[in-house]
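Q: Between the sequences and the hints, there should be enough to build the whole structure, so can you do that?
Residue numbers (this note's numbering): 5 to 280.
Be aware that a few hints might be false.
[Said to hold, decoys possible] Here are the simulated distance ranges between beta carbons:
{"no.": "1", "residue 1": "102", "residue 2": "13", "range": "39 to 47 angstroms"}
{"no.": "2", "residue 1": "94", "residue 2": "256", "range": "25 to 33 angstroms"}
{"no.": "3", "residue 1": "23", "residue 2": "138", "range": "40 to 48 angstroms"}
{"no.": "4", "residue 1": "101", "residue 2": "247", "range": "33 to 41 angstroms"}
{"no.": "5", "residue 1": "27", "residue 2": "97", "range": "20 to 28 angstroms"}
{"no.": "6", "residue 1": "87", "residue 2": "27", "range": "24 to 32 angstroms"}
Because the hints were derived from the structure by calculation, they are not lab data. Ideal placement from N, C-alpha and C gives every residue a C-beta, glycine not left out.
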Amino acid sequence: MSARRKATTQISRLAHRAGGTAAANRMVPEETPVALSFAGTTHAVMMASPADFEDFALGFSLTEGIIADRQEIGAIEVEDHGAGIDIQIRLKDQANTRFEARRRRLAGPVGCGLCGIESIEEAMRSVEVVGSSKLTLNTDDIVCSVKLLSKAQPLHAETGAVHAAGFYIPGKGIVMAREDVGRHNALDKLAGALAKAGIDGNSGAVVVTSRVSVEMVQKTAAIGAAFIIAVSAPTALAIRTAGDAGMTLVALVRGDDFDIFTHPERVACGVAKHVA
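A: Below you can see the structure in the form of structure tokens.
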């Protein structure tokens, strides 16, 4: 059974403004539990926007290292159970064997005192190295990528309450974008959409509206992109991870201003000057 749900709902509220208080309507985004299940067993449950389910399933499988490419997925079935969405993902033989081994490894004995070790190692998994990328961007590319992403956010324009992840290719602009109440979900959905379209992650930059955590760097590297461009700030671990992966991390893009935290050699900025 396929799932079709509204991404937004109209609600009434009291709007207090300088001129007074009045009843008014507003569109707000929906969020729903989305289970990602492999071989009939739930692997993760995310609170997500009820849209782009197949992109989500494919992208999550790729960015979490469950599959190496989209051909390792045999089928994706989206089921609406009322309280939430269950995405059933069937892996092909070799990928399923790897996943089963991974799942057994993470299911350590309870109370052993060390059972979290594998999970910590999983969270800090090695990141794909993208340092061989020859892609370079100039100042206009970086500024333009964020401006163009803002125009590819219909759900945010309606609600003001969701994140977006887009893919920018020089000379083409934002070629793909996805929105979600969760920043990781938006990036996973983008990863899935790029894979379905056959777009090489090495050809452009991932652009996000959120802060840059280490997970965002990990997922960007899994896409194969050597650039992540963000409106908000990065964490220290994200910066270290991007540096080690050979990724150029640009953040705090506000108008014509931005900060380059790692591998600035890929950005043509003109003459450097000292700023506070």
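Q: Would you say the C-beta atoms of residue 101 and residue 247 sit inside 33 to 41 angstroms of each other?
A: Cβ of residue 101 to Cβ of residue 247: about 34 angstroms, so the range 33 to 41 angstroms holds.
Q: Indicate whether the distance between the beta carbons of residue 27 and residue 97 respects the range 20 to 28 angstroms.
A: With Cβ atoms ~59 angstroms apart, the hint is violated.
Q: Return holds or violated for the Cβ distance of residue 23 and residue 138 against the range 40 to 48 angstroms.
A: violated, 56 angstroms
Q: Quick one: are residue 102 and residue 13 within 39 to 47 angstroms, going by C-beta?
A: holds, 40 angstroms
Q: Taking the CB of residue 87 and the CB of residue 27, does the distance hold inside 24 to 32 angstroms?
A: holds, 31 angstroms
Q: Just tell me: holds or violated, for the beta carbon distance of residue 94 and residue 256 against 25 to 33 angstroms?
A: violated, 42 angstroms
In this structure, the earlier hints numbered 2, 3, 5 are contradicted, and the remaining ones agree with it.
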